[in-house]
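Novice: Here's the letter readout for the chains.
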Amino acid sequence: AQKVTQAQTEISVVEKEDVTLDCVYETRDTTYYLFWYKQPPSGELVFLIRRNSFDEQNEISGRYSWNFQKSTSSFNFTITASQVVDSAVYFCALRVFRQGAQKLVFGQGTRLTINP
Amino acid sequence: GAVVSQHPSRVICKSGTSVKIECRSLDFQATTMFWYRQFPKKSLMLMATSNEGSKATYEQGVEKDKFLINHASLTLSTLTVTSAHPEDSSFYICSARDWGTYEQYFGPGTRLTVT
Numbered sequence: 001a002q003k004v005t006q007a008q009t010e011i012s013v014v015e016k017e018d019v020t021l022d023c024v025y026e027t028r029d030t031t032y033y034l035f036w037y038k039q040p041p042s043g044e045l046v047f048l049i050r051r052n053s054f055d056e057q058n059e060i061s062g063r064y065s066w067n068f069q070k071s072t073s074s075f076n077f078t079i080t081a082s083q084v085v086d087s088a089v090y091f092c093a094l095r096v097f098r099q100g101a102q103k104l105v106f107g108q109g110t111r112l113t114i115n116p
Numbered sequence: 117g118a119v120v121s122q123h124p125s126r127v128i129c130k131s132g133t134s135v136k137i138e139c140r141s142l143d144f145q146a147t148t149m150f151w152y153r154q155f156p157k158k159s160l161m162l163m164a165t166s167n168e169g170s171k172a173t174y175e176q177g178v179e180k181d182k183f184l185i186n187h188a189s190l191t192l193s194t195l196t197v198t199s200a201h202p203e204d205s206s207f208y209i210c211s212a213r214d215w216g217t218y219e220q221y222f223g224p225g226t227r228l229t230v231t
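For the protein sequence lines, the chains are L and X, in the order given.
So in the numbering used here, the last one in the first sequence is 116, and the numbering has no gaps at all.
So in the numbering used here, the last one in the second sequence is 231, and the numbering has no gaps at all.
Everything labelled a hint here was simulated from the structure, so no lab data went into it.
Possibly wrong hints are sitting among the right ones.
[Said to hold, decoys possible] Below 27 Å or equal to it, Euclidean Cα-Cα: the simulated DSS-like pairs (lysine-lysine) are:
(1) L:16 to X:136
(2) X:157 to X:130
(3) X:157 to L:38
(4) X:136 to X:158
(5) X:180 to X:130
(6) X:182 to X:158
(7) L:38 to L:16
(8) X:171 to X:136
(9) X:182 to X:130
(10) L:38 to L:70
(11) L:3 to L:70
(12) L:3 to L:38
(13) L:3 to X:180
(14) L:3 to X:158
(15) X:136 to X:182
(16) X:136 to L:3
(17) X:158 to X:130
(18) L:38 to X:158
Throw the hints in and build the complete structure from the sequences for me.
Specialist: Written out as structure tokens, the structure reads:
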């Protein structure tokens, strides 16, 4: 079975601090995708990144960066120089490629609050 | 980019009535659509997977007679909450998978309140 664990339920930091959101996943499949989504108070899910299981290169996009470590089954997300607009709930998700089982499994989410 | 719309965005209905939520893929065809439910401060829970032209596949514990799903075309899926009760109040999110790229896109969600 597939499982995604986001152990940090809530994180609160002061603006301009760096913050890392943890994500640990479980799957027996060798081919899978990992995702991060942002859910602001409006409720709409905002896609941030997709990473496939064969690509362990870290990714940087502006203030956002992702660290994928297959050895520890982790896909952590770091926001550098956080801003108040980063306040949201962040979800990590996993999708495997097995036929007939192409659904996304979400972690519990981490509520991030950036205080001015 | 690909857009998925949901209508209505908010709905309030009385207990015992039925309410229909529409999910449309606006600029791509979706052979598969997903319906999720999200309780306050909780994660998204997959309710069912619908494939165009066939019956939906419901997740364990989801009552198929209560949550009717119809996926009659490649751009439209509907979720009907029948005989709604206050405990059905929730945020419902649909997602559509592009049949060509296999990318999955999410709608903005529908907040249902049953009084």
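Novice: Check the structure against each numbered hint from earlier and tell me which ones fail, lowest number first.
Specialist: Result: hints 1, 16 break, sorted rising.
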